[in-house]
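Those sequence lines, one after another, are chains A and B.
The numbering used here puts the last residue of the first sequence at 352; the count rises by one with no breaks.
The numbering used here puts the last residue of the second sequence at 807; the count rises by one with no breaks.
Check the hints yourself; a few may be wrong.
[To be verified] Straight-line Cα separation of at most 27 Å, BS3-like style, residue types lysine-lysine; simulated pairs: (1) B/Lys495 x A/Lys114; (2) A/Lys296 x A/Lys282; (3) B/Lys461 x A/Lys285.
[What the hints assert, rightly or not] Distance ranges between label pairs, derived from CB positions: (4) A/Glu213 x B/Lys478: 38 to 46 Å; (5) A/Thr35 x B/Arg518: 53 to 61 Å; (6) A/Val127 x B/Ser522: 37 to 45 Å; (7) B/Lys495 x A/Glu213: 48 to 56 Å.
[What the hints assert, rightly or not] Only some residues are given here: those of chain B computed to face chain A with a beta carbon under 7 Å: (8) Val414; (9) Leu415; (10) Asp418; (11) Phe429; (12) Thr433; (13) His437; (14) Val440.
Hints are computed from structural coordinates only; laboratory data are not their basis.
Yeah, the Cβ is synthetic: ideal placement off N, Cα and C, and Gly gets one too.
Chain by chain, the residues:
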Amino acid sequence: MRYILALIFALLPLMALAQQQETWEDRAMFHGSGSGSGPTLTILSSTDRSFFAPIITSFLAQRPDLSIEYLVSGTAEIDRIFRQDPSGFDLVISSAMDLQFKLTNDGHALAIEGVTTPDWAQWRQSLFGFTTEPAAIVVRRADFAGHSLPQTRQDLIKALRARPEVFRNRLGTYDIRQSGLGYLFATQDARASETYWRLMEVMGSLGTRLYCCSGDMITDLQKGELAVAYNVLGSYAAARTKDSEELAIILPADFPITMMRSGFVSAQTKQPKHARDFIRHLLKVQSAPVDPGIFPLPPLIPALDPRPQSAIGLGPALMTYLDPLKRRTFLQEWTSAVIQ
Amino acid sequence: MTESPKVSGSLRNRLAVTLIGGASLLAVLLFLVVRTYAAQIAQQGQDSILGASVTSILDAAVLRDDQVEIDFPYAAFSMLTTPAHDRVFYAIYRDAELLSGYADLPLPKGSDSGERRYQSAEFIGKPIRISTASRTLLGADVKTRITVSVAQTQDALSDRLNAISRNIASFGIGFFVLVVLLSFWATSSTIAPLNRLATSVTRRGPQDLSPVIKPVPTEMLPLVASLNRLMARLNQSLTQSEDFIAEAAHRVRTPLATVRSHAETTLQRVDKEQNRQALRAMIRAIDESSRAAGQLLDHAMITFRADQLEYQQLDLVELVQKLVLRLSPVAEMKDIDLRFLGDQPVLCQGDPILLQNAIRNLIDNALKYSPSESAIDIWVTSQPQPQVEIRDQGPGFPIDEISDLAQRFSRGNNAAGTIGSGLGLTIAQDVAIAHGGKLALSNHTGGGACVIFSL
């Protein structure tokens, strides 16, 4: 018995080390203006620090005794990391609604009573959507000089077919095998229309680069390595292109796919009160029309044309494409269309 | 007067309690039955959706190169959306191997007949409902069995059941209140004939012993028949008593009068002083007997009449005046001055025969105890209530016995030399009480007894 205990104690730092060794895309500590000796909330997030920092700062302004550790990773990674150690994180913020939904469905989220948010933007008072963000087609205006910008997927297919020499190997989209958000966009796209598959086949035949994240796609667009990026997060693109006319952000007019960034408090959090307060603060900040200069994330209810019919709803149906059998079938189809 | 009958419960209460108790029992029963039924229907609703979900997954299963592919529709899970955001779990098995879903989702026990099966279980600490079905897939050279379970928590179901329960409960309470009102109405209308009978019997005059002839409900027929028989018997026995009293008065008084007149005649013929004294004693005894007989009959009559007074409007002054006139000769024989005061008519309600009797007895008493050549004052006034005050100049009442004097056969210790039965004051008091009044005895400060008979 003693040996087992000794072994466990010997392994504990190793396990902690293992967690430490997670390769985060970004990690940052935020301290309140207080002594800094107060409790620390750990947030596991898929949102870039620059987008989320204003929300954290405004929260810490109200709660100067707290500190917040902000860990950024990909959506699929977040799901894996959190499931490994559900007590190690207080809050989970992710744009992959399906993964977030499954975590909530599996009982990993703590219910928060008395939160006023639209019914379609919450599930079981545990998982809360706090942005509405459309998937956009982002194009370099330079590559469409003299041609009209495509407004629908159909337009895009026509444009790609018309000038394959311009677009060959200059198309980008999510690698849905890696990106949870990319997979969500792809499955919702495929569910909405067969056009998606034709577009994927066209893109596949022209050679498509696959990305893990919206940010990288936008970078490559700006560098001119890409001409068209499909299913990019509109909010990221808008933030990155605010002073330039270089890129055009197109919300497909045929059927836009709008997702919500969502967050929940871990059921095993050691700071349930502070974590709940953070979610309340987050929803408060994001429910009103926000000044994009201060809070770059789009609000939950966009000022213009909410188009709720196209928003992905929080519901059990989100689990459909997470099923391994279903996922295997979908990925097979996608791979054969895109990678060829 | 009459002893009030002992009460054992109330028919009205018993009836109301039975009806209300029955109603509350029925309301509770209704609630339980309807709730159970609603729970069944709600469960059937959830089961059919779970079953449809299972079927849609199972139908999508195909065997391709000995590999199972299940490209189940989006609707398989979206149909499980509920307003209460119920959690959804599922498991897909190929024979005994988990293909996807939740490994620890409980599987139904027992033989697999291929039918859809439903069971309730607990999963991650929550009650869930599971639907399970199987299907056999046949490949080129392989035969495999796919089993699909879809489960859902029951939050929406219990929300709906709670809402239904609240509705049924309010219906039940409404129903109960209605029945309570109805039961009060039913009780009153059932008891009404009984009350009517009681009122009609109570309202009868004292002499009215005729049978009840109004129609009554069947259930009351035996009671009314018995009542009628009882009244007939009572009528008969009352008639007999009255006859007996009249007869007895006649039979006793007349012979006594005869004996007295013989004794007086004999007294005049007899010269020997010894014999004369004996005869005087005899007359005295006869007087006493005659008076006692009279008073006994009076008392009997009063006892009989007091229960059923025959009220009449009468003038107390006139009544007393007549008595004074009638008793004046007796007073004159003893040289007693009967002084009557009162000229305004004093109107009151009373039984004239009883009142006469009572007041005569009081004046008699006063005459008896008054010494010769004295006066008796009789006042009749209407203030504060109709009353007759009789004051003599005799020895007065013995102070220490004043409260016992009105007892039957009780005489004052100073009455030794006076003829009397001891019933006079009793009669007067009984009459006063029967009229709702009282008899007050006192001694006048200037000597003499004072009796106030008030109504």
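Here's how the hints hold up against the structure:
1. B/Lys495 x A/Lys114: Violated: B/Lys495 and A/Lys114 sit about 33 Å apart, past 27 Å.
2. A/Lys296 x A/Lys282: OK: A/Lys296 and A/Lys282 at ~23 Å, within 27 Å.
3. B/Lys461 x A/Lys285: Violated: B/Lys461 and A/Lys285 sit about 43 Å apart, past 27 Å.
4. A/Glu213 x B/Lys478: 38 to 46 Å: Between A/Glu213 and B/Lys478, where Cβ atoms are some 44 Å apart, the hint holds.
5. A/Thr35 x B/Arg518: 53 to 61 Å: Since the Cβ atoms of A/Thr35 and B/Arg518 sit about 55 Å apart, the hinted range of 53 to 61 Å holds.
6. A/Val127 x B/Ser522: 37 to 45 Å: violated (31 Å)
7. B/Lys495 x A/Glu213: 48 to 56 Å: For B/Lys495 and A/Glu213 the Cβ distance comes to about 36 Å; the hint is violated.
8. Val414: Violated. Min distance 10 Å.
9. Leu415: Hint violated; B/Leu415 Cβ to chain A Cβ min 13 Å, cut 7 Å.
10. Asp418: violated (15 Å)
11. Phe429: Holds, about 4 Å.
12. Thr433: Holds, about 4 Å.
13. His437: With a minimum Cβ separation of about 4 Å from chain A (threshold 7 Å), the hint on B/His437 holds.
14. Val440: holds (4 Å)
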